[in-house]
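**Q** Starting from two chains that each stand alone, build the complex the way the hints lay out.
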Amino acid sequence: MNAEAIPTQAQAAEKPYFDAPLKMSAKNVSVFYGEKRAIDDVSIEIPQRYVTAFIGPSGCGKSTFLRTLNRMNDTIANARVEGEILLDGEDIYKSGMDVVQLRARVGMVFQKPNPFPKSIYENIAYGPKIHGITGSKAELDEIVEQSLRRAGLWDEVKDRLSDSGTALSGGQQQRLCIARAIAVDPEVILMDEPCSALDPIATARIEELIDELRARYAIVIVTHSMQQAARVSQRTAFFHLGKIVEYGKTSDIFTNPREERTKDYITGRYG
Amino acid sequence: MSPAILLLLALGLSLFGWLAARSRAWAFRREAPGVRLHSLPNFHGWYVALWVGVPTVIFVVLWNAISPALVTAQVLADPAAAALPTFGFERETMLAEARAVAEGSAFGVFNEQAQALVEPYRSALGFYRTIGFAVAVLIAFAGGAFAYTRLKPDFTARTRVERSVMALLLLASLVAILTTVGIIVSLVFETVRFFGMVSPIDFLFGTHWSPDPMSMGAPDGRDYGAIPLFWGTIYIGAIIAMIVAIPLGLMSAIFLTQYASNTVRKVMKPLLEILAGVPTVVYGYFAALTVAPLVRDMAHAVGISSASTESALAAGLVMGIMIIPFVSSMADDSIAAVPQALRDGSLAMGATTAETIRKVIVPAALPGIVAGVMLAISRAIGETMIVVMAAGAAANLSANPFESMTTVTFQIVAMLTGEGSFDHPATLSAFALGMVLFLVTLTLNFIALRVVKRYREAYD
Chain A
1 MNAEAIPTQA
11 QAAEKPYFDA
21 PLKMSAKNVS
31 VFYGEKRAID
41 DVSIEIPQRY
51 VTAFIGPSGC
61 GKSTFLRTLN
71 RMNDTIANAR
81 VEGEILLDGE
91 DIYKSGMDVV
101 QLRARVGMVF
111 QKPNPFPKSI
121 YENIAYGPKI
131 HGITGSKAEL
141 DEIVEQSLRR
151 AGLWDEVKDR
161 LSDSGTALSG
171 GQQQRLCIAR
181 AIAVDPEVIL
191 MDEPCSALDP
201 IATARIEELI
211 DELRARYAIV
221 IVTHSMQQAA
231 RVSQRTAFFH
241 LGKIVEYGKT
251 SDIFTNPREE
261 RTKDYITGRY
271 G
Chain B
1 MSPAILLLLA
11 LGLSLFGWLA
21 ARSRAWAFRR
31 EAPGVRLHSL
41 PNFHGWYVAL
51 WVGVPTVIFV
61 VLWNAISPAL
71 VTAQVLADPA
81 AAALPTFGFE
91 RETMLAEARA
101 VAEGSAFGVF
111 NEQAQALVEP
121 YRSALGFYRT
131 IGFAVAVLIA
141 FAGGAFAYTR
151 LKPDFTARTR
161 VERSVMALLL
171 LASLVAILTT
181 VGIIVSLVFE
191 TVRFFGMVSP
201 IDFLFGTHWS
211 PDPMSMGAPD
221 GRDYGAIPLF
231 WGTIYIGAII
241 AMIVAIPLGL
251 MSAIFLTQYA
261 SNTVRKVMKP
271 LLEILAGVPT
281 VVYGYFAALT
291 VAPLVRDMAH
301 AVGISSASTE
311 SALAAGLVMG
321 IMIIPFVSSM
331 ADDSIAAVPQ
341 ALRDGSLAMG
351 ATTAETIRKV
361 IVPAALPGIV
371 AGVMLAISRA
381 IGETMIVVMA
391 AGAAANLSAN
401 PFESMTTVTF
411 QIVAMLTGEG
421 SFDHPATLSA
431 FALGMVLFLV
441 TLTLNFIALR
451 VVKRYREAYD
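In order, the protein sequences belong to chains A and B. Here our numbering is used: position 253 in the first sequence is 253, and no number is missing along the way. Here our numbering is used: position 363 in the second sequence is 363, and no number is missing along the way.
Excised from the complex, chain B in its bound form (with noise of 0.2 Å):
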């Protein structure tokens, strides 16, 4: 009786107790044609069928995970076992073999020492099986009878199914939280590790970035500095990006909210947006091949010659590119935000569109703007495909655009994928540098939320 087909037996369980649940209802209808019911005879179904299913699902999921561990058990109880080779791997993969011959998915034994413990673990899972599916049944009955038993005209059935609805929804929330919590815990754990290793001054505020994931022995500490990286990465997708997303998303805001005509805006709105939806790999080709070039022909006709194809400057204005939308569309609901009356103020006063622009409407709306310009850097700085594919490898730590930087994300991707072993420094190194770049996102998008937080609050 695999979990699957206990899972079945619980929904339709469920359905019985449901159908049955408001039948009852409708027959206290029937039955006393004044009583009123507190709740719909649906409610009284639903009650009801939650009480046969939850407990069974639950009781279900919690046998899965037992089970295995009670039938092993059993298995070695037997005298076959005794014969078992004491060495763990060996003794494993026998043990699977014969569980898998015993499960009908494999049709015979590779190890002939475990053919004698196939019998045994037939019966161990059919003996687990015929309790799991006896107990499922009783769970199911149990909470089911208790339920039935509780229906009553007057009872509160609807208020109690909306109470456990509740809880659906409040555990469907804690599960983006609970996972944000849990990679949290995985990359302190593993970031402990690395300054276990490499001291976290070395790593912070060192200039010097060549891990060598072949190295044996103690890591040296001046091959782990990581102020490259972040240079990179702030020079990349905090100053490059931003000064070509800042001006163009502000003033494709300013245009599409204050000048352009409502057809104008209805079709370009959507066409503006289509960027955000550029899978970021597609703009790491456009970067490599198209702009990098590009980027390098130009240098080396004004004259820089030591312009490389991989160049920060390609990748930042990318980059910038990419993040357009998030300021122009964070830009544009502040501005649609700030109230029309402002607005009609100005322009009563005699002044242009412009001067209103400029001195009212961008200045009211200025929070929301440095709110969008700070989730467009935390979207940029984490960007890793338009690096990986035009920024480069090497740790540059230098202003000239044109040559090759990496960043953070770079390197984490570098570290995990390459052939270091994983308790390696190195390799731990991504898990350190994951931490830094999550914690500045964090603050970053934190910073923004309360801005945006507070200029709600001005106009309320």
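Isolated chain A (complex conformation) (with noise of 0.2 Å):
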């Protein structure tokens, strides 16, 4: 089953909308918080190098759905997830998958920046300690230097890396977590609502940053502006009420989507 969650070159050309390698696909999932049901069978292909991004009204399940790409919910304690994500065409809630290699491989920013209360070069750090991806202190300083210089923090904070990382402002944060979750190496990257805590210049600041780091891996977001969603994402999906109503090329969502329901959201009738 593995060889046909990995699309060929030829299916993804019969499927115009997925021209990309697959990173990571969910097949029938739905995610159950006691009795209520959150996500309700939905299934979406996350292609490689692009940027995905999840659209629509609150309470949809979209960050729902983002937090089980890398197994979150298993920290609530009653929630529950039926079907099949599969990650590289490995199945992510197979018996034996071991959470602490999925977060490793799979990275989240959450909604509001949460740096540890440690230093920056701490917070940097932290994931390759944990992850014993490196024991010299030489390689750290370079990692960490190269994270932050890939989050395009480098420059603000390099003469003070020994600074707490709260003390930096709301998008030096964001953009602190951005390079803690590189610093792992991940192959994705997801983000629930980075900017929604953030003023526009420092959410145009990691936008570009955004756009800059899919080059390297699969990026996931989710988001409450469709400006924004326009803005840096290739393939947009509209949740709706658990399900995903609609997925497909951003450009043709926002200016010709297919269902009734994504242009009633999309422009502005509701949401």
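Be careful, since some hints might not be right.
No more than 16 Å apart at the CA atoms, straight line, and that leaves these computed lysine to aspartate or glutamate pairs for EDC-like [to be verified]: (1) A/129 <-> B/355; (2) A/263 <-> A/252; (3) A/243 <-> A/40; (4) A/112 <-> B/344; (5) B/359 <-> A/122; (6) A/94 <-> A/84; (7) B/269 <-> B/333; (8) B/266 <-> B/333; (9) A/249 <-> A/259; (10) A/118 <-> B/355; (11) A/112 <-> A/122; (12) A/27 <-> A/90.
Treat the hints as calculated values from the structure; they're not laboratory data.
**A** Spelled out as structure tokens, the structure:
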């Protein structure tokens, strides 16, 4: 079944909306909180080196679905996931799956910047240390610098790496969190409304950064802002009431949606 | 007219004022239906009631304080008083006897001379009672009338009543603060007396403690070296007890906040907090009757023959158990206060729960945990019953936990309940010890509160 999960170039060509190699895919995924069904039979394919945006009104399940992609829902006591989520063809919910390894491969950036109350350096070094990526100080320094550079934060903080991460501004904190996620060299980065707590200038910086990062990683971003989805993503999925209403190229979704509900949402009729 | 009756009278008149003012306020409404009262009729009622009640109560309290002196003065002015003996004690006794008969609380006098004073006493008492009653009623009516005449539809009764409620709340909070001040003042006074007899240098730095409450003449400063007591206190309360309480408290807090399911937490947390509700004297039994012999037997079993039944270890162990809930509930609170976002952030990096706790949650909660530990220490070193029952009275300066040791609190009890007279330096030393203990715990609490405050700001 793994062979089927990774589409060949021929398959990708047959499906014009998915011309990129697949990174992750979900098949008939449902998520329950106790008895309540938060996600209802969602299937989606997430391509490599693209930014995929999840949009939809509040409570539509887009964040919940995002959190199933690196099993962060495991931390919620009564959450239950049905269906199959594949990362490079491997089911991440299979019984022998190591959540620690999974989360090293699928990183996450949260809505509110959440740097650890440690130094900037320690914030970045945290992941490489716990995963034993490197033992040497020189290599760790290298990783810290590289991650901060990729997150576009290096020039601002290089002289004060020992300052607390919580002393940075909101936008810098969020870039620090992105740098922290990059430091463990993930394959996919999940972003849960990463700009909702930031001002427009900081938001613009993060958006630029996302665009640069997609050269290396598959990025999935949940956003409330349709302009943001239009600006940063190449693929957009519109969620409504726990289902995906429409999924396709961002340009198509925003200019020529197939579904009436999508059209209503992006024109601001509701949501 | 006893003060209780006067107070009842004040209450009754207040109620009357309340009813009258309230119906007056209702009347404003009826007379001019369009007019809106500034305050509800109840507030008008309370306003007048306060003006009736408060001045009257103040008067009653003051009157109660000064009228006995006035009565005595009038009795002494009576010719019969001239026959009283001049010696203070006898004189007082006779006056008191006469007074008791005059008030009706005794039926006859023991001393014939006192009989002559009963009648003057009775008339003086009656006179001042009448005056007291009359003035109280006068004040009540004056206050009431003043307040009542101020009532108007637009009278701001509500703001005024609420202001007096605020004053009441302020008074209530002042009671605790003033008590603390009073305690400090009384401690300082006696401590200064003690240091007038024994040099503070001897007291604070001497290593020999054996005050003799029966000794005569000037005290020997060498017997008042409190270092062994301070050491015993720190050794039992801050070292042994904390070696028990910090790991156990912290680990149980981590288990309860991070690993336990909701059901387990709901059962275990109250159970743990029951520990805090056990009276310390019960811990004392436990220490003296169960733990101390056990500790001694175990020490003997491993070849420490010097172990005594009253050991610092037994007292410290039990005190540590007693302190666990303080450490664990403070640690629990501060761990729970670490934002979920930090935990998520760490887990999302691929950290395990244990790594997250060790590297993110505990360091972030550390200030709160430290504060909890400090409060626990200040509680432990002020603890008395356990050490009285289990630690012994010998002031040993030793690091051997199996030896008997004594603490500051134990010595305070021993000195104050001893047979020495009150102005003997041995007895007064209790106040100096109390002062030192008070300053230490005050400092610890102060630091703990500062730490907690700073760490609260870190997340907000």
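**Q** The structure should be examined with respect to each hint, and the outcome stated for every one.
**A** Against the structure, the hints:
1. This hinted pair checks out: residue 129 of chain A and residue 355 of chain B have alpha carbons roughly 11 Å apart, not beyond 16 Å.
2. For the suggested pair residue 263 of chain A and residue 252 of chain A, the alpha carbons sit about 11 Å apart, so the restraint of at most 16 Å is met.
3. Between residue 243 of chain A and residue 40 of chain A the CA atoms are separated by roughly 5 Å; this keeps the pair inside 16 Å, and the hint holds.
4. For the suggested pair residue 112 of chain A and residue 344 of chain B, the alpha carbons sit about 11 Å apart, so the restraint of at most 16 Å is met.
5. The straight-line distance between the Cα atoms of residue 359 of chain B and residue 122 of chain A is roughly 11 Å, inside the 16 Å bound, and the hint therefore holds.
6. Note on residue 94 of chain A and residue 84 of chain A: the hinted pairing holds, with a Cα-Cα distance of about 9 Å set against a maximum of 16 Å.
7. Between residue 269 of chain B and residue 333 of chain B, the direct Cα distance comes to roughly 12 Å. Compliance with the 16 Å bound is thereby established for this hinted pair.
8. Distance restraint check for residue 266 of chain B and residue 333 of chain B: the Cα-Cα separation of roughly 15 Å lies within the 16 Å cut-off, and the hinted pair is therefore satisfied.
9. Our distance criterion of 16 Å between C-alpha atoms is met by residue 249 of chain A and residue 259 of chain A, whose separation comes to about 14 Å.
10. Annotation: proposed proximity of residue 118 of chain A to residue 355 of chain B holds, straight-line Cα distance about 15 Å (limit 16 Å).
11. Distance restraint check for residue 112 of chain A and residue 122 of chain A: the Cα-Cα separation of roughly 19 Å exceeds the 16 Å cut-off, and the hinted pair is therefore not satisfied.
12. With a CA separation close to 12 Å, the supplied pair residue 27 of chain A and residue 90 of chain A stays within the 16 Å bound.
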